[in-house]
Amino acid sequence: MEYCTTAEIVKAANKLIERCGTRDPYKVARELGINIIYRDFAQQRGAYKVILKNRFIFLKKGMTPVEEQMVCWHEIGHDILHRKEAIAVGGFKEFVLFDMRENRMEYEANIFASQASLPDDTILEYIENGYDIQQIARAMSSDINLVALKVDTLIAQGYQLRKQEHQNDFLKYSKKI
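With the working numbering, letter number 128 in the sequence shown gets 128, and the count goes up by one each step, no holes.
Heads up, a few of these hints could be off.
[Unchecked claim] Taking lysine-lysine and the PhoX-like style, the derived pairs with C-alpha atoms no more than 20 Å apart in a straight line are:
1. Lys53 to Lys84
2. Lys27 to Lys60
3. Lys49 to Lys60
4. Lys27 to Lys15
5. Lys84 to Lys60
No lab work stands behind these hints: they were computed from the structure.
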């Protein structure tokens, strides 16, 4: 299993956004030929699987729009970054989804989701205008932890920003968003 650097993940997300011309994860999934199916999951918010060369994102029914878009971007991240691994294991095991402490692929998919959903220039503009991380999350209809992860990616790109605290398992099902 190859590890992706933050720079590689940022580049992959930026390339995809440019190629598709949108930050709408549903349009991006459609453009990539990924099928989105809604399920009555009890234990997870989403899953990514490749079945007979067909790619699927399964999303939990009833999530808020903010939650659903974050999960969708996370699963697109798996498609872009980890498709070979997903094919090799028959899809990702849903019970570990989104817990970055135990799985580098979950961390990488979360970085991808933050980069794809939150434009650099918008985040930097909010920071320059004195917004704190909670205000940025509210203004961008996002999650505070996703914004904190985005700030980490900006720091990795050389921006002089203060590192933000975030929970590693912020998208895990047992956590309330």
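Hint check:
1. Restraint check for Lys53 and Lys84: satisfied, since their Cα atoms lie roughly 11 Å apart, inside the 20 Å limit.
2. In summary, the hint linking Lys27 to Lys60 is supported, as the alpha carbons are separated by about 18 Å, within the 20 Å threshold.
3. Distance hint between Lys49 and Lys60 is fulfilled; the C-alpha atoms sit about 14 Å from each other, no more than 20 Å.
4. Under the criterion of a C-alpha separation no larger than 20 Å, the hint pairing Lys27 with Lys15 is consistent with the structure, at around 15 Å.
5. Taking the CA atoms of Lys84 and Lys60, the gap is about 24 Å. The hint is violated against a cut of 20 Å.
Going through the hint list in order, the structure does not satisfy hint 5, though it satisfies all others.
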